[in-house]
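We have chain A already, so just place chains B, C and D on it with the hints.
4 protein chains.
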Amino acid sequence: MPGVRGFFHPKTATGVSSLVPPPPWHYSGDLITVEYRTDPARVAELLPEPLGLADEDPGAVALIWADWQSCSSSKQELLDPVLSQYKEAFAVVRCSYQGKTYSRCVYIWVDKDFAIARGLHQGYPKKLGSIHMTRPHPYGPAPRIEGGAMFGASLAAADRRLAETVVTLREPAPANGFVNGNPMAHHRWLPSIEKGKGLALDELVETGAAAFEAGQAWAADAELTLFEAPTEELARLEVHEVIGAYYRQVGVTWDGGTLLESGTSQAE
Amino acid sequence: MPGVRGFFHPKTATGVSSLVPPPPWHYSGDLITVEYRTDPARVAELLPEPLGLADEDPGAVALIWADWQSCSSSKQELLDPVLSQYKEAFAVVRCSYQGKTYSRCVYIWVDKDFAIARGLHQGYPKKLGSIHMTRPHPYGPAPRIEGGAMFGASLAAADRRLAETVVTLREPAPANGFVNGNPMAHHRWLPSIEKGKGLALDELVETGAAAFEAGQAWAADAELTLFEAPTEELARLEVHEVIGAYYRQVGVTWDGGTLLESGTSQAE
Amino acid sequence: MPGVRGFFHPKTATGVSSLVPPPPWHYSGDLITVEYRTDPARVAELLPEPLGLADEDPGAVALIWADWQSCSSSKQELLDPVLSQYKEAFAVVRCSYQGKTYSRCVYIWVDKDFAIARGLHQGYPKKLGSIHMTRPHPYGPAPRIEGGAMFGASLAAADRRLAETVVTLREPAPANGFVNGNPMAHHRWLPSIEKGKGLALDELVETGAAAFEAGQAWAADAELTLFEAPTEELARLEVHEVIGAYYRQVGVTWDGGTLLESGTSQAE
Amino acid sequence: MPGVRGFFHPKTATGVSSLVPPPPWHYSGDLITVEYRTDPARVAELLPEPLGLADEDPGAVALIWADWQSCSSSKQELLDPVLSQYKEAFAVVRCSYQGKTYSRCVYIWVDKDFAIARGLHQGYPKKLGSIHMTRPHPYGPAPRIEGGAMFGASLAAADRRLAETVVTLREPAPANGFVNGNPMAHHRWLPSIEKGKGLALDELVETGAAAFEAGQAWAADAELTLFEAPTEELARLEVHEVIGAYYRQVGVTWDGGTLLESGTSQAE
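Residue numbers (our numbering), protein chains in the order written: chain A, 1 to 268; chain B, 1 to 268; chain C, 1 to 268; chain D, 1 to 268.
Chain A with its partners taken away, still in its complex shape (with noise of 0.2 Å):
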């Protein structure tokens, strides 16, 4: 009897089920990135050992949205869009380990199941939520990607609203900010099935792009707000300084990662 097949659940014996076919993934998406600082021990405190603040900078937040369109080499997905498409919103922090700065994705809201999947396998935390971004246009009503253009993004989870944007391009810009631009570093996590045995995978993993390429960044002025709710702490980074805000569209595609330790994090 031969095993079942598949990258992903539902593995089955051809693995047409597999919620997301192997890597390479490829990306083409708009970002809009809002990064401002927040209380240092607020970073802090959703770093677990080995993990530590970054040397310089260690409060400064990335709050990015992104409308993609993702697909398998085949590129088939991008035929039939609901396979394809979906949208994210998500705060990244930086951190130390081993001497060397990383990025890390602290908290992620997709609007579709196969992004859920990619970030088990990543080490995002995604939810799903309800992301929406004003997209860029050259005819009517909507923005052109100029100066004076303005774009509004916004995030909700559970019915709350959870965060929400409006930026006004001002110039180009070398890059679209810097809290994003580093090597991820994150955990893999997932508990024992039997209770009081603690964690069944317990993986720091190193993640990055395998091939980017992008259009001109534009800095932007920002206004942001984030919201209370009871089941989310996004808003427990609170927003000190608005450090700028960008807008770039991008193709990316991701390869695969390097698992950096395991069994070592100080996680429940």
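No wet-lab data here; the hints were simulated from the structure. Treat each hint with caution, since some may be false.
Any copy, or any two copies together, can satisfy a pair, since identical chains are not distinguished.
Listed next, the in silico DSSO-like pairs over lysine-lysine satisfying Cα-Cα at most 27 Å (straight line) [stated by the list, open to error]:
| no. | residue 1 | residue 2 |
| --- | --- | --- |
| 1 | K75 | K197 |
| 2 | K100 | K195 |
| 3 | K100 | K75 |
| 4 | K75 | K195 |
| 5 | K100 | K197 |
For chains B, C and D alone, coordinates are given in the frame of chain A:
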């Protein structure tokens, strides 16, 4: 005591609750159009008197997918895009009225309530649906708008897929089809609140764009499939022959229509 | 050429595409009602002439959550429940017309298109929303319908929470409130397709249940919170004092209404 | 520096962001079960070694729809029901492991993220879907739980209908089927973050209810239809013969499972 205000319900003291603002309404969007011929009798059966079949190519149908951002003249909806963005798929035929050729939307599905409200005003027979379209993008795996680019689109309602297409761009074209190119002849119907008393509202109206700008239209090859569903009749407009397919980005303004006649339709 | 058929749009040769079947419409559902007093001026501003404030307790408001299964007389929608089930939350006040007291729904949110269509016919000013209600259940942790049982309910629209309540059943009660207990006085309004020409449909109608059966009503204690939102005014009906709360299971039939007057409202 | 807390991601200083609370998890729900026989080879191809076909009736499949309210021991999720309610549809087969018969869920779709998270822990291969089930009700047109009562159910994913059934209750029955009546033998799989390195998590676990109460089961006649879809293989479990159908209301507690073995599956 003053009256209540608002272009649409719910009307209040301020008018800010209205599901839609007063026209003009402005739109930026992308259109995938597939035009085909069906049995003209299937078109005729959807045309109540005094409408008749168009003289030329009376069995022509356009099935159109659109990905919109819409707003009032203030443009404020664009900055809270959950209030601005929607997608739709709709079937358009042509008809004849008093010697003139009109376009007429016979089926349409949208994914937001404000789009339903505008349809009630304009005579579009809207239901809710789930609509997806591949979007062009300058980076990564998603298509550019160029020869050979492939775009997919799908429509579902009540948890059943109703239509899907894949179009492959071939060459620039002078327009994105002809079936949806005439002024619209639509009915606005509402039954009497009292049983057996016919229609309380029964208007034949003419409507169309007040302003229009657009990018280069592209002709495309298309595969189109329609699916049966217990409460839908789109598939009765059987695809006998694909005439052509098109991709185009547009900006549109709508600002009211004209009453053609009232109280004369042969509708129940 | 025969006319087209169907109680509602889209009208076709067969009538099967109609978004709703002709009445009578039958409903099974659970209701959570919270009645409270607000400033009567906030009620008055929602009542266009010839409606006026009710003589007694003019600031009384009922905020009602309902979890419905609805169908035509054939009951066939019940067997494909995506076509039958919906939830709604709505605010009801009372008003006076020609010396008689009426109930009037001033705001309402539903989660299906067929419910929007019925609301257009009945004069309910429906928008789409996301509505949730605890359901009673005979086993496991969910509440039975009995003293001390707790039920929660929430309403969101456009990705913002608008209202939430928790009610705790106290004792059997003779009815589930009084604010929604009168015939409804509703307007059916649609603007003219031509700008500046006022209303094309402007009717004051009376409507109510044609048949009604119900289980034991339960009185409850309630906590009720309303939230501000940019395009909603429910929170203007501020909660000054909770009158009472109720839980009840009902069966209802709706079968048409009566036209009270036409073309007289002081609405834009 | 303390570690981060939370049963599931995202782990934080407080643990309140966790997508699910720690077990025990409590459920109230209604189940529609349709059991049928398919080709045993289609079951066998879904069973990786060391699992084998069950000795008796190896081609038996249960397709189950469930309408749940779930919560932690605090029951607080029940009072904000967007955090408590979900629906699911799932296919269960039986298998043999070390001479013992187990049940095994081979496909499952749910409509909330917290249900996906619990499935990851329990080894249910969950995707998102749209699930509907007729609910019993004591008043109006919806069915009571009694002989002759009819209930419908449907499942869709990625905007395609995958399954639908109508069951007609016939008589009380001792149980709601046998296919889902054994302890579950599930795999918990996650690929290594490094390409080509196989599985990082590969566990065969046993899981089942820690507590169970239920109402009278009802036997039913059923019509069941499965539909093809490009990324789903439920329809490969072809319906050769309906064994029986059932309706039952249940209360369940889940409180952890047992690790059977690790690192041995013949899965990619």
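Here's how the hints hold up against the structure:
1. K75 <-> K197: between (42 Å within a copy, 25 Å between copies)
2. K100 <-> K195: between (36 Å within a copy, 23 Å between copies)
3. K100 <-> K75: neither (35 Å within a copy, 44 Å between copies)
4. K75 <-> K195: between (42 Å within a copy, 20 Å between copies)
5. K100 <-> K197: between (32 Å within a copy, 25 Å between copies)
In this structure, only the earlier hint numbered 3 is contradicted, and the remaining ones agree with it.
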